[in-house]
Structures are given as C-alpha cells and as structure tokens.
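Residue numbers (this note's numbering), protein chains in the order written: chain A, 287 to 453; chain B, 102 to 392; chain C, 2 to 755.
By construction, these hints were calculated from the structure, which means they are not laboratory data.
Treat the hints with caution; some may be incorrect.
Result set (DSSO-like, lysine-lysine): computed pairs, CA atoms no more than 27 Å apart in a straight line [claimed, not checked]:
no. : chain 1 : residue 1 : chain 2 : residue 2
1   : B       : Lys153    : C       : Lys24
2   : B       : Lys352    : A       : Lys308
3   : B       : Lys369    : C       : Lys747
4   : A       : Lys296    : B       : Lys352
5   : A       : Lys296    : B       : Lys369
6   : C       : Lys260    : B       : Lys107
7   : C       : Lys114    : B       : Lys153
8   : B       : Lys148    : C       : Lys57
9   : B       : Lys107    : C       : Lys57
10  : B       : Lys352    : C       : Lys260
11  : C       : Lys114    : A       : Lys308
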Amino acid sequence: MSASLEARSKSEISFTVNGEQKTVQAFPMERLLDVLRLQLGLTGAKEGCGEGECGSCSLLMDGTLVNSCMVPALQAQGASIVTIEGLDASAGSQRLQEAFLECGGAQCGICTPGMILAASHLLNKNPRPTLEEIKEGLSGNLCRCTGYLQIFEAIATAAGRETAASS
Amino acid sequence: MRSDPKDYELVAPGSLQAAVGLLARSPGEWLPIAGGTDIMVQYAAGKLASRKLLSIWNLAELRNIEVLANEIRVGAGCTYTNIREHEVIGREFPMLVSAARWTGGIANQNRGTLGGNIVNASPAADSLPALLSYDAELILISVRGERRLPYAGFHAGYKKTKLAPDELIRAVCLPRRFSGYVCHARKVGSRNAQAISKVCIAALGRMAGQTVEDIHIAVGSVAPVPLRLSETELMLRGKVIDESLVLAAKKMAVAEIRPIDDIRSTAKYRAAVAGNLVAEFLNLLSADGKA
Amino acid sequence: MNHERIVGTAVPRKEGREKVTGKAVYVDDMVLPGMLYGATVRSQIPRGKIRDITFKPGIAWNEFVIVSAKDIPGKNCIALIGDDQPCLARDSINHPEEPVLLLAHPDRHALRKAVDAVSIEYDPLPAIFTMEESERGSEIVWGTDNVFKTYLIQKGNVDESWSKADHIVEGEYSTGAQEQLYIENNGMVAAYDAKQGVTVWGSLQCPYYVHKALMALCDLPAEKVRVVQMETGGAFGGKEDYPSMIAGHAALLAMKSGKPVKIVYDRAEDMAATTKRHPSRTRHRTALSRDGKILGGEIEFTIDGGAYATLSSVVLSRGAIHAGGPYYWPSVRIRAKAVATNAPPHGAFRGFGAPQSIFAMERHMDRIAQVVGLSPVEIRRRNFLQPGQTTTTEQVVREPIDLGKLLDRAISVSEYQTKKQEFAIENRTGATKKGIGIAAFLHGAGFTGSGERYLSSVVGVEGCADGGIRVLVSSTEFGQGTKTVLCQIAAEALGLRYEDVAIAQPDTTEVPNSGPTVASRTVMVVGKLVESAARGIHQTLKLSGMLGDSYSAEEFRAACLAYVAAHGQLRAWAQYDPPTDVFWDDEKYRGEAYAAYSWAVYVAEVSVDLTTYSVSVNDFVALQEVGRVLHPVLAIGQIVGGVAQGIGFALFEKVIWQQGRMQNNQMTNYIMPTSSDLPPIRVFFEELGNVHGAFGAKGIGELPMDGPAPAIVNAIEDALGVRFDSIPLMPEDIYDAITARSLRDKSDVASVIR
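Same shape as in the complex, but just chain A:
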C-alpha cells in the first residue's frame, strides 16, 4: 500500500492524555490501547484478553472507567484520558499506591495498573465503599495471583486514610 493511500486513510485524532494535549495519526478503528502503547509509549495499560474481560487495559476516559482495548481511536477524539502514568501525582493516587504496596495488592503486577485505575474511579464516586461495593467496583478487573483479598484490603485502607485526611 502506498504511503499516500495510508495517509489518506489515517485520521488526525486529538485528545488529552494525563493532562497533555496529544495528536496522533491513526486509523479510526485502531484500538485506543494500541495508540497509547505503540504511538505514545504509554505502556502501563496492558492487553490481557483483547475482549474487555480482564480489565488490565482499563483507564479513565472523560472520568469514566473503560476498557481501552474496546475503544476505537476515533471515539477518543476530544476525550480526556487518564492512564496509570498520569495517576502518579495526586494525593489520592499516592494513598492507593502506598496501600497496594503495604497490603500486598500487587503480586505479578500485570493487573495492577487497571486495578488502581478502577479503584481510583470507585473512590472518586464513592469515597467510603463497603466491601461489597469494592467487589462490585472491581468486578471487571481479573487477578490471577492474589485471590483479590489483599487488593480489597488495599482499597479499604486507602479509603480509610482518605476519609481521615479529609476530616
């Protein structure tokens, strides 16, 4: 396929990622996951299943948790995207990360970025979740290593500290 034909079929797609404006040349049906990983070098989101089951590709798009392997790049046009790399800064995220480290929430680590984003999403909506609410909030994130217990402990711990910090 000639270069000019390719250039014609690709679209210019702009969105913000972790607060920065980005413009990429991508085919509209490229997966957001691949655009982030391959074009923007943001490899924190992972492909575990390619079908929206495992959640290791999950990230925030306009404040909502989505599986980026299921999002065509064109649909991210104008969106505000937050990946694990962008979560580093805020106090809430640091509480989550510390709690994951303390409680054993990360073993092999492959599900961890998705878990932390899902947890962040949950705590933004519901700062004091019950265990059932934590389970539900993370029901789309699969972990094969931990059996989930220490992940939930981490989230509950972070939530508890968050509450303490804000009171």
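Since the structure of chain A is provided, determine the placement of chains B and C on it from the hints.
Chains B and C alone, transformed into the frame defined by chain A:
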C-alpha cells in the same frame, strides 16, 4: 488483535440527523457502533464482517432519558451506567437496573448501551427479558421519520431484528404502570459477575387477593430470541397459585422454550433452571398475595 | 529464632513501586529498533502427515521472513528431559496447534493475514483424546505403547492386607485439564548477531532451561546464548517449559532475518497452544480394619501428558509420591503412568501432580469414612502419619508434626462440628443445601528425590562499588515474592538494612544457575544458599581485615566499598550441598522424597442452590504448617491466591475439548473466579521450622493448590448426599446427578411397591 485497522472505515457524523442521512444514502452498508462492547470483541477476534462502521457513540440526541407522565423514554445511546444512576428508572423499572448491574464489569457498563444490546440481538442479552416484561416499545428513526412499535416481536429470529437497513433505534419507551407489581429478575451465569447468561428471567405480576391479576414472564438464553412465556401467562391469569399450578406452569414454561446445548451449558440444565426460576417467581408472587 | 529484624516482617515488595506506578517493563512493553513481529503457523488437525504447504496469493510474501524446520541450525527439538518434542513440525503432526512455520514482518496486521494465508494440506491419521483410548492401544501415537513413563512405589506386603481387611473400599476419581491463565500472555523478543549470538528477553520462569534449549536448537555454545527475564505477569508453572518453545521460535526468526523479533501471543493462541494441568484418573482400592485404620492399598494414578513427553515424567513422580496423602500406609502399591494423547502437551501448573492425586485421596477418605461408619474428621485422625512413622516411600517423618492437633485447630476455627449439625437440620427444609468438608494434605518442597542434587544450584552474592550488596540468582520473580524474600534473607544474614540489598534481574550472563523457579524451592533451597553466600561476603571482608564480627550497616558499607575499590570485585558463591541424611533410591523409587514437607488442613463451607444447582463457597479456612513465615503479607498472598485457583479447579475452570483442541479459548468462556465468586479466605500458619530451609522456611507456593478442590467436593457431598468424584464440577453435573438420583429413588420406590 486479529483484524487490520486499515481495512476498516469508521466515521462519526456527530449528529443523529447526519447518521440517519448516511444510512439512507447507503442502506445496509454501514454498521452502527455505539460503545462497541459487542462489536469490538468480534473485531478483535477477526470475525467482524462489516468493514464500514458508523459511530453513534455519545450522540446527545440518543443519550437522554425523558420522564413523561405515562412513560419513560430511555435514549438508545444510554449506557448501563446511565440506567443504573437514574432515580426514576430505579424506582419503577428495577429489573432493568438489575440487568444493567449484571452486564459485565463497570468498564463495560460505562460503554455498553441499551440500543446496542437490542440490536446485537443475542438471545443471552441481559436487558432484553426485562424490556419484554415491561411491555417496552421502541421508537425507530430514519430519514423517513419516526415509527413506534412494540418491542415484543422485534426479534424475527436468531440475531435478526425488524430494524430497516436505514434505521436506528432512537429510544426505548417504558410504560409507567408497574408500580405495585411484584418483580423478580434473576440471571444464572457461569459465575457471579462478568458472565454470559445461561438462563435468565425477568417477571412481574400483580395479585388480586389470592388470584393472579396480571403476569408477565420473560426469559433469555433459552431460545433463539428472548421470549415472553405467553402460554404460561395465559395458564396463570386469574388463577389461585397452589402447588399443582406451579408444577403445571413449570411444565408449560419448559414446553414453550427451545434451549440448546452450547459451549456454556446444556439444554436440559437450561430447561430445568428456567422451570425453577418460574416456580421461584410464582412462590414470591403468591407470598405477596397472601401478605 | 525470633531475634530477626527483617525476616518475618512485611518489608515493601522490592519491585513493588514499579508495579503500582505502571513502570514495570514486561516483554510486550519492549521495542527494539528495526524490530519485526513474529507469528506461528499451526496445525489444524490433531494427527497426520503434512502433504503440502501452499502460500496463497494476495500476500507480498517477499516481505516476510519464513522459517521452517529446515532452517533449524541445531537439533529440531525443545531440549528438556527427552528430545521428542520438535520445535517445528517437519512431516508429522501430533496435536492441534502444533507449530509448523514461523513468519515475521514489520507490520503485525500484515503478519496476521499472512498466517491465515498459509494453507497446509494433511493426510490425517486417527487420533486419540482420552487416557482410556491411549491405554487401549489400538492407535499408537507415541513410542511403542503410548506410555511416557511409569513408576512403581511399593511398601510392605499389600497382598496380605486384603485377607486381613474388615473393609475394602474402592473408588475412581478424575480431574480435568486446567489453564494457568496468567494475565500476561507468553511473549519473547529475540535478537541475533554473529558475534554476540542469540539474546532473548521474555516472560519466563527458568532462564537456564531456555538457555539450554536455545543452545541445542541454534547450535550455539553457552557463551553465545543470553537469556534475560523481563517482568513476568504471572506464571504458575505455565512458563516453566513453554518459554523455551517461543524463545526458540523468536530466535530462529531473528537468526534468519538479522533483525530483532518479537512474538507475543494473544489470549486465544496462548490458551489453545500452550501447556495446561495434566488431566488425571486415580483408582483406589483400600484395605481397612474394623476401626478404620488403613492396612494397605493399591493406587493407580494415571495422567494424560498430551502429545509429547515434556515434563510428564516429573509431574507423574510428584503425583505418585503424594498419592497416599498425609497418612500412614503399612503397605501400599502405587502404580503411576503417564500416557500420550493427541492434545498439545500438558505441563506444569502449581502443584504439579499433587492436586490431582490429593483430590483422589481426600475424596476417598470421605468414602472410607462412610463405609467404616466414622466421621470424616475421625477417619483422618486415626490414620495420620506420626513422627517416627514412614511415608509411602518409606521416608521417616522426623519433625514433631502433630496432624491431629492441626486438624483440631482447623475444626475449631471453622466451627466445623457446630455447622455440620446446624446444616443437617437446615437442609431438611431449605431450598439451599449447606455442607462443610475437610481436606488434609502435605506438599513436599524442592525437587523430588535426587533432583536437588542433580540441579546442584549455585548462588552468588556480590559486594557493589557503592557498598551495597546484590544477590545473583536465576530464580525469577513473577509475583510470588522471590526478590523480596531473597533480599530479606541476605540482609538478615549480614545484619544490613533491607534497603541495602539489591537483586540482579535474571540474565544468564550475570547470574549463576540457581535452578528453575518451580517446585516451591526458591525460599527454602535457593534462600538457604543466598544465606550462605551472604555470609561468604562477610567472611571475605573479615579475612581481609576490613570488618570484624560485629559491625554497623555503615561500617559494612564502607568495608565493602573499600574492598571493591582495592580488589575490583567482591563475590561469594554457594553451591547446593545435599544433606547427608536425605537419601533417595531412584531405582526402587524409595527413600527421602523431599527434604521437607508442609502440612495442611483446609475446611470449606458451601451452599448449593437447588434452583440453579450452583455452588457457592461461603467460608474457607486454610491452616498450614510451613516451617517459618518469612514475610507475612506475601505468605498470605500465596495462600489466598492458591486457594482461589483451587476453587476455580473445583467449580469453574472447565476446558472444553474438541478433537484435541480447546474450544473455549477465550476469557469469556473459560471461567476463572471473580472476586464475587470467592469466599472470605481465612489463613492460619503454624511454624515448626526446617533445618533444610532458609531461616526455617519450607515451600508454600504450591501447597494451597492441593486442598481446596477435595474440601469443596467433600462439602458438596455433605450438603446433598450425592457423590461426585470428578472435577471440575459444574452446576450441569449437579443437576444431572440430582435428577438421576430422584429417578433412581422413584424406581426404587416403584419396585418396592411392586
């Protein structure tokens, strides 16, 4: 990822009018894609036949929920999360909210849409039995205008709908006449979360004293299309619920469905569980009648 | 023992910060300049001959690198134990998804189309898919008789025990295949140049297994093969031997193209083509006295190895040795056999044969209890091994393990007796039936028998130029805590801070061969060597006069720094020295099978919903004696994670086979438990120490896999009064059994009336 993105066209016209305009110009050529939670799975598996896709994701005209006096109109582009978060839907159409909660994890609920669930027309789709039980109606839109039809009968066969090639679903209308009804929705999957349904039921009913005044029973995953068990309902209307009626209703329900053996389950399991779910509902309804 | 400051505490995971910030680098995160993507063309039939290969038109084939068996410089095999498994099929196919050709191209989408455009014509041969078909021998698919391996374990005089028996109890138990389902799929990147040789980076457990396999495949000497482990997203045994295959493929493409090549599987390919847990069938026939004591028995343990031998002989060995459970057998005959079928070869998965044979033993104990008329608790208590008694392989139990007390504790914390009584009453009327079940078991840590001796592992500890120290092992981290615990051990041994100790990323040019990261041996065996080597560093510094016997962390740092500055390098090595009191006879298959056993009693509480026939596990108690808990958070994490996998093994994870191929090879249809499917899992530890393990530790990684399935199925039988002897146990199976029973009951009644 088993498809090549460069073989696919995806356009996002940005308005409902532009979308139906495109469908009218080339009917049958463009596959509408909203949240993509079904289509993108096929795409990733290399099994998406359509090469041209029309994005109707996040179209404002499809994403609102109108609360009218006698009905609620849920935009077809509303996500399961939108449905879960709507107070009136939660109060008056709890089975639809249950279905929304059961559909995948939070990330999939944030993207999957009611319209997409209907049009994808999987017999295992989570929200469809609830829509059947609630006597939902659909507003379809094209350049030719709008038309309205009952959701019942919308599925002509396995994965087939009555949608014309140039049409989109605009909204799903839910009649506000089920307050005071006993509702029972249950999904039986291969696990407690993120599961494709093996059998599901969405049933509602109202007792007048000890007799069944009104009853709707819809089931999913036990036929090529989601089903209202109309023969079973007929058998039950106006009757007193006793043990022998429950048994008879179970038998009738099993006779009405056409479950299959597939990768997830067996026909006889599905039949047995469907019968059990009907019985479970009837016992609930009967208890309500006695209370 | 308890003066330690670091061992026994919950220090932060060594590589944890990278993991929680998304900075950890897994193989698919790697990109090398000029890198190509590689893919595998696989067979579509289970068995036959390749007649022809056609490259269909419509693809610019000249843009592709194509590798076939002919391109293999060395031996066309994946060197492991035997050499029967080809790297690429040449003329014969022996299982679906068998690799035939390799393709590489810069565009991974074009690559996909090219794979689909290779057409292979076959002359099919009859294929076999079950152990029974394999045993029947009407079709020989491997060797002369389809048998990869047999073992015979004999103790005492079994034949005499039948005549003395008051009860003889028989049973047959089976377990299905299970997919490891690490969330990160298999992947490798390979690069080649004539001077350096082959380098591979990948997701793997055993760098030196891959190293050995690449030497043979690529015909390269040891110093021209380099294997680097990347951050690995879960393994559980599924990346013990398979990485050698995918590394071989990437290396061949790199050699042919002169460019780096990345092969990463998608989920569908990984599930269909790579290893799974061996399906098993165990037959028990047991002679018992009137008071329920085992007099003797025969155990026939058979596993399905798939199409090639790979690791089956070792899985068979462990399964056979664990087949008698934690019980005293005055006499026993264990006949173990691994047979061939035309499925992709099965491989290692946490537990490695023991979950299979222990499932059978623990189900069988409940059956024995019923026949003899004792409770499941009492039958076990009466038969537990006591210190001083011998195991089925005549290993003397030398440690003061009191299994009766362990059982008592498990029964107490789970409220077993109270619940059993309550459930019996509730079950008379409820639409949900409840039950409670137990499993008692053991798990030997380290390689079996003379395995550790054969491995002869080497470990290094290095003093660095900045005064810190670095552990050098080939043991890999894949979530279980290798890096953390080995650094704890080194820090403790040297009296340093945990922060002063680093650990090298396993790279065969930098670390010695401390053996594979399998068999629950890392903390116990490798850890002990790390302890030795660390002390060796201190010895060197002491001998050079730079450090005394007691010192502060700062003094150590200064001495280390000075030594390295003066001598250029500071390294100490430790090599495995087999304990003199651990002796194994490979021929008679008798003796000290393992240097240490962990012991456990698990209790599962279930409810069965008779509307849906599905099982919920409502509570789970996991009590185990593990020598010493070196890191409380990591240890709990291992147990909970293992129990979750065990629950999946019992109730959810079914591989659906069709003609030797996994049909449900997607996460949507291969069901692993979500958090909503798991009970509260309550973990308790006891610590008896272990003279053969670092700071008294035994292995714990695989132990939790052995108990959940039998405890759960025992509980289900308690709930329903229906016997199930096969897992995975699905609601459909429960429905079938309940229906069959009620039909039987009806016909029994009918015949009585008649």
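Hints and how they fare:
no.: 1; hint: B:Lys153 x C:Lys24; in the structure: violated, 37 Å
no.: 2; hint: B:Lys352 x A:Lys308; in the structure: violated, 61 Å
no.: 3; hint: B:Lys369 x C:Lys747; in the structure: holds, 19 Å
no.: 4; hint: A:Lys296 x B:Lys352; in the structure: violated, 58 Å
no.: 5; hint: A:Lys296 x B:Lys369; in the structure: violated, 50 Å
no.: 6; hint: C:Lys260 x B:Lys107; in the structure: holds, 25 Å
no.: 7; hint: C:Lys114 x B:Lys153; in the structure: holds, 19 Å
no.: 8; hint: B:Lys148 x C:Lys57; in the structure: holds, 20 Å
no.: 9; hint: B:Lys107 x C:Lys57; in the structure: holds, 21 Å
no.: 10; hint: B:Lys352 x C:Lys260; in the structure: violated, 67 Å
no.: 11; hint: C:Lys114 x A:Lys308; in the structure: violated, 31 Å
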